[in-house]
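Numbering (the numbering used here), first residue to last: 1 to 134.
Each hint should be verified, as a subset may be incorrect.
Just the calculated beta-carbon pair ranges, DEER-fashion [claimed, not checked]:
| no. | residue 1 | residue 2 | range |
| --- | --- | --- | --- |
| 1 | THR104 | PRO31 | 19 to 27 Å |
| 2 | MET112 | HIS41 | 12 to 20 Å |
| 3 | SER93 | HIS121 | 28 to 36 Å |
| 4 | PRO132 | THR79 | 19 to 27 Å |
List time: in silico DSS-like cross-link candidates among lysine-lysine, alpha-carbon distance up to 30 Å [what the hints assert, rightly or not]:
| no. | residue 1 | residue 2 |
| --- | --- | --- |
| 5 | LYS38 | LYS72 |
| 6 | LYS27 | LYS38 |
| 7 | LYS73 | LYS38 |
| 8 | LYS73 | LYS59 |
| 9 | LYS59 | LYS72 |
| 10 | LYS73 | LYS27 |
| 11 | LYS27 | LYS59 |
| 12 | LYS59 | LYS38 |
| 13 | LYS27 | LYS72 |
Read the hints as simulated data drawn from the structure, not as lab findings. The beta-carbon is built from N, C-alpha and C at its ideal position, and this holds for glycine as well.
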Amino acid sequence: MIINHAILKTSLFFFLFCHSTLLYAEKITLPIYPNSEKSVHISSSKLSSQTMLPFASFKTSDSVNQVFTFYKKSLPTFTQENTQGIGYRLAQSSAKIKGIKAYTNIPNVLIMPSIEHKTKHAYTLIQLSYQPIN
Numbered sequence: 001m002i003i004n005h006a007i008l009k010t011s012l013f014f015f016l017f018c019h020s021t022l023l024y025a026e027k028i029t030l031p032i033y034p035n036s037e038k039s040v041h042i043s044s045s046k047l048s049s050q051t052m053l054p055f056a057s058f059k060t061s062d063s064v065n066q067v068f069t070f071y072k073k074s075l076p077t078f079t080q081e082n083t084q085g086i087g088y089r090l091a092q093s094s095a096k097i098k099g100i101k102a103y104t105n106i107p108n109v110l111i112m113p114s115i116e117h118k119t120k121h122a123y124t125l126i127q128l129s130y131q132p133i134n
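Model the full structure from these sequences, guided by the hints.
Laid out in structure tokens, this is it:
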């Protein structure tokens, strides 16, 4: 069998180029809940706005209260903010934050219940907005 080295090199280059974001992914600087699975990660390089922090979403089958307890212990300097009875939010700022848009530029953790509509399976959604390392 004859292997065309040019095709092999091109294929390897293409593979590495396409997967470079996986190899050099931006580090999430807030703790990640141990029993969770990443759903979405919007790194700072993918954001068009410089006023919005990068964020990542995770889901877990653990309860909202279990996740909240983990983050309350892991982030003792973060304050609990009002989520109007739907889960919890812990934010780095102790000042009163006005409006949901304000949460896009300060590190925070949003923990809330969710349901996967296709399977009707309940899970906990975790969203981390974090300060990237420069």
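- With a cut-off of 30 Å on the C-alpha distance, tell me whether LYS59 and LYS72 pass. The given pair, whose Cα atoms are some 18 Å apart, holds under the 30 Å limit.
- Query: If you draw a straight line from the CA of LYS27 to the CA of LYS38, is it 30 Å or shorter?
  - Reply: 13 Å, holds
- Quickly compare the C-alpha distance for LYS73 and LYS27 to 30 Å and report which way the hint goes. At roughly 21 Å apart (the allowed maximum being 30 Å), LYS27 and LYS73 satisfy the hint.
- Query: Given the hint that LYS73 pairs with LYS59, does the C-alpha gap stay at or below 30 Å?
  - Reply: The hint holds at about 19 Å.
- Message: What's the verdict on LYS59 and LYS38, does the C-alpha distance respect the 30 Å limit or exceed it?
- Response: The given pair, whose Cα atoms are some 7 Å apart, holds under the 30 Å limit.
- Could you tell me whether the CB distance from THR104 to PRO31 stays inside 19 to 27 Å? At roughly 20 Å between Cβ atoms, PRO31 and THR104 fall inside 19 to 27 Å, so the hint holds.
- Query: LYS38 and LYS72: Cα distance at most 30 Å?
  - Reply: Satisfied, since the Cα-Cα distance of roughly 20 Å is no more than 30 Å.
- 12 to 20 Å as the expected CB spacing between HIS41 and MET112, which holds or is violated: With Cβ atoms ~18 Å apart, the hint holds.
- Message: Check whether the Cα positions of LYS27 and LYS59 lie no farther apart than 30 Å.
- Response: Distance ~18 Å between LYS27 and LYS59 Cα, so the pair holds.
- Task: With 28 to 36 Å as the target window, see if SER93 and HIS121 comply at their CB atoms.
- Result: 34 Å, holds
- Item | Hinted pair LYS73 and LYS38, Cα distance within 30 Å | 21 Å, holds
- Task: Sort out whether LYS72 lies within 30 Å of LYS27, counting only the CA atoms.
- Result: 21 Å, holds
Violated hints are absent here; each numbered hint is respected by the structure.
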